[in-house]
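Using the sequences and the hints, build the whole thing.
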Amino acid sequence: MPESASPPAVGRPMPRATRTPLLAPEPIRTELSVSLEAGLEPLRDIRAGEKLRLWLEPGGGAGVFDVAVERGDGTPVGYLEPAISRRIGAALERSRRELWATVVEIGPGPDQFTQPRIAVEFRTPTKPPGGAPFPSAAVPTFRELVPTAAYPHPYPFPFFNPVQSAVFPLRGNGNNIIVSANTSAGKTIAAELLVDDTLARGRKVIYLSPFKALTEERYADWKKRYSDKRLAITTGDYELTPALQEELRSADIVVMTSEMMDSRTRKFESERNEWMRAVGLVVVDEAHILSTPRGDKVEVGLMRFTRFCPQARLMLLSATMSNRDEIGEWITSLNDMPTDVVYKDWRPVKLDVHYVEHREFRNFNGKLDYHRTEEEKIALALELVMLKPAEKFLVFVHTKKTGSRIVAELKKRGVKALYHNGDLDLAGRAAAESSFKNRANGTRVLVSTCTTAWGVNLPARNVVVVGVTRGLKPVDEIDIIQMAGRAGRYGIDEEGHVFLIVPMGSREEWEEIFRRPRPVTSVLNDHGRLVEHVLAEIYTGLVGRLSDVFTWYRRSLGHRQGKRPFSYDDIRKVVEKLISLDMIRIQGDQVAISALGAVSAVMYFPPEDIHAWRMNFNRLFTKGLEDNEHAVAWALADVPSLAMDYLPADFSTLELEWAAILSEHDLRLSRLNVPAALAVHACLMGAKPFAGIGTLAGRFWSDHLRILNALRMIDKSFAKWGREEFWSQLGLRLTRNKKS
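Heads up: the sequence shown runs through residues 1 to 740, numbered per our numbering.
Keep in mind that a hint or two might mislead.
To be verified - Quick list of simulated restraints, FRET-style, between CB atoms: (1) ARG201 <-> SER717: 40 to 46 angstroms; (2) PRO565 <-> GLN245: 40 to 46 angstroms; (3) ASP352 <-> GLN245: 31 to 37 angstroms; (4) TYR155 <-> GLU274: 31 to 37 angstroms; (5) THR551 <-> SER652: 29 to 35 angstroms; (6) SER717 <-> GLY172: 45 to 51 angstroms; (7) GLN587 <-> ALA200: 49 to 55 angstroms; (8) GLU274 <-> SER663: 50 to 56 angstroms; (9) ARG564 <-> LYS388: 47 to 53 angstroms; (10) GLY174 <-> ALA430: 36 to 42 angstroms.
To be verified - Straight line, CA to CA, 27 angstroms or less: simulated DSSO-like cross-link-like pairs of lysine-lysine: (11) LYS623 <-> LYS573; (12) LYS212 <-> LYS688; (13) LYS411 <-> LYS388; (14) LYS350 <-> LYS437; (15) LYS412 <-> LYS400.
Since the hints were made in silico from the structure, they are not lab data.
Even glycine gets a Cβ: it sits at the ideal position worked out from N, Cα and C.
Here is the structure:
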């Protein structure tokens, strides 16, 4: 960038949150033809006759507009100088923001400028008073895309795109930053700009992502990008061994899943996580996870981290965050740093959303016939894939059974298809992704659960979303928008197509959802979630009195967005729940965690699960059922977190069978925990899980060591069963029976 040029503007400074909005003018009405000459160095390689696209954007003052220029294929080019933009803006402030232009002349610029003179003619159906075209002008560059040539790390493109260029001057200002931009808009590279600056200052970086697949992808990519730095990774699959603790202490960059921030800060003292105090930047990828059922862990983790490490900048990246200013104000309140909000609705690849309506079948009593309706959606998805036999498709499903059906049908029709889901290990996921990325003879259709919806980089010109419900429960609209955003990858496709299969008559509703996505809202206001997190704060020592709960909760996003004030009545309900679960002791205003509560906080299990396991195994041992596989499966599986949202109809017979078996021992299995009991029983017997319980069996097996450790702690510190030999034998039984 020339020394005289000003950096890309990011809005007017504010004491807390600043913003960079985009203009959304009214529809066009009349017609105007304008010729314009502008000296712009980034346009040096433009050819006459080439089509350009111009985007009108408000600048630093009233009546001033910046015009960003792209080629017709979406490649960033540069910006027009404000003097010209002001004249354009005066005519176009009541028109659309996107203009198409054609380069009509290229010639030498004036002597005082090194840039070429480029005359651009563009048309839009509106005109200034009198209808006369604007005069031509030759001007120096004022605002342009930041060139990558001078940047220390080589990138395979000449200029940072509009999103990255807006972030570029914010690298070293010490503020928090929110980047709200479309999928494929280069948010990861924008994050790397701050990562580079942080590492250069000798500070550590933490990167958080919501899914293990995305965390592993970022770790693999950054191992190459930062080959001269030390990286460490921790997800729920990694046991915190002394070797891993040392890796975390010595790493320059720590890559982890979002929940790990909650876990590591919850155990800040016991794990001696002092390395966190050296962190200068936390990057929260897919930050709209705050609004999902797992969002409370991220919210509380950031609240706790900023108490321990208030000097660290926070960077939130999101493609679906309509209330970015509100979120910016919240993170500013966490570490008392101003927050810059960079918002761009620029998208490098055009995205077309097509709504495909499906019928909803009813059975004889008027209730939804789930199976017939699901078959209808599957048939529509298959038809869409077969309509474009030469193109790749990413097909999103909301249940694994639906995904298996689609893959099987595609293979019958000779289509090369693979299934990407949570049951695959790292090697299996990598193989599926690699095959799909192979554009020559790789997989044509990748069917996937939400595992590829959040950030995983897969080239898909077409995306099919098979319905908007999971069972009978609606899928979060943010998840649907995330899935749609996978269509059309920059540098590969000129456009992307989304085929959203929705119930008959709901098209207008979904069109409105895509136009105006719901804001990111905290899920921490739920009393059930508060029980777990208040207990964790009692364990860490941040809450020692009832009044401390107020102090803690006031820092939350939930408090900012709450519909009514958080009261002593709320505290009373949370405290009473914890007392009823034997998690805490209370004396006057003082609260203290019990030995059972410490198991929940340390082992990262919900208090309700720890209480249920304590009660279940107490009955098991009292009745002498340690060798009864059905009873042991019941004791392990009948906990709240393993309950399904609904019981599929094909489990009704199995439900009756288990009820009969357990009733002989005066045991009762909760109806929604039947699939979990079947899955745990399959693990105990070494049997292959049948359809519908494979995921639950996988979850139990991957977590069985942590569960056994929690049960040992319940025994030793609280229940005093003295059953160490039983826990050891149970671990051996599971290991011996494990099927590869």
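Hints, verified against the model:
In this structure the hint that ARG201 and SER717 lie 40 to 46 angstroms apart at CB holds, the actual value being about 44 angstroms. In this structure, PRO565 and GLN245 meet the distance hint of 40 to 46 angstroms, their C-beta atoms being roughly 41 angstroms apart. Here the CB-CB span from ASP352 to GLN245 is close to 49 angstroms, at odds with the stated 31 to 37 angstroms. Restraint check, TYR155 to GLU274: a C-beta distance of roughly 35 angstroms satisfies the suggested window 31 to 37 angstroms.
In this structure the supplied range 29 to 35 angstroms is violated for THR551 paired with SER652, their Cβ-Cβ distance being about 50 angstroms. The hinted range of 45 to 51 angstroms is satisfied by SER717 and GLY172, whose Cβ atoms lie roughly 49 angstroms apart. The supplied range of 49 to 55 angstroms is met by GLN587 and ALA200, whose beta-carbon atoms lie about 52 angstroms from each other. Remark: the range hint 50 to 56 angstroms for GLU274 to SER663 is upheld by a beta-carbon distance near 54 angstroms.
With their beta carbons about 51 angstroms apart, ARG564 and LYS388 fall inside the hinted range of 47 to 53 angstroms. At roughly 38 angstroms, the beta-carbon separation of GLY174 and ALA430 lies within the given 36 to 42 angstroms, and the hint holds. For a cut-off of 27 angstroms, the pair hint linking LYS623 to LYS573 is broken: about 34 angstroms separates their Cα positions. Between LYS212 and LYS688, the direct Cα distance comes to roughly 25 angstroms. Compliance with the 27 angstroms bound is thereby established for this hinted pair.
With a C-alpha separation of about 16 angstroms, the suggested pair LYS411 and LYS388 falls inside the 27 angstroms cut-off, and the hint holds. The suggested pairing of LYS350 with LYS437 holds, with an alpha-carbon distance near 20 angstroms, which does not exceed 27 angstroms. Distance restraint check for LYS412 and LYS400: the Cα-Cα separation of roughly 18 angstroms lies within the 27 angstroms cut-off, and the hinted pair is therefore satisfied.
Against the hints set out earlier in the document, violations occur for numbers 3, 5, 11.
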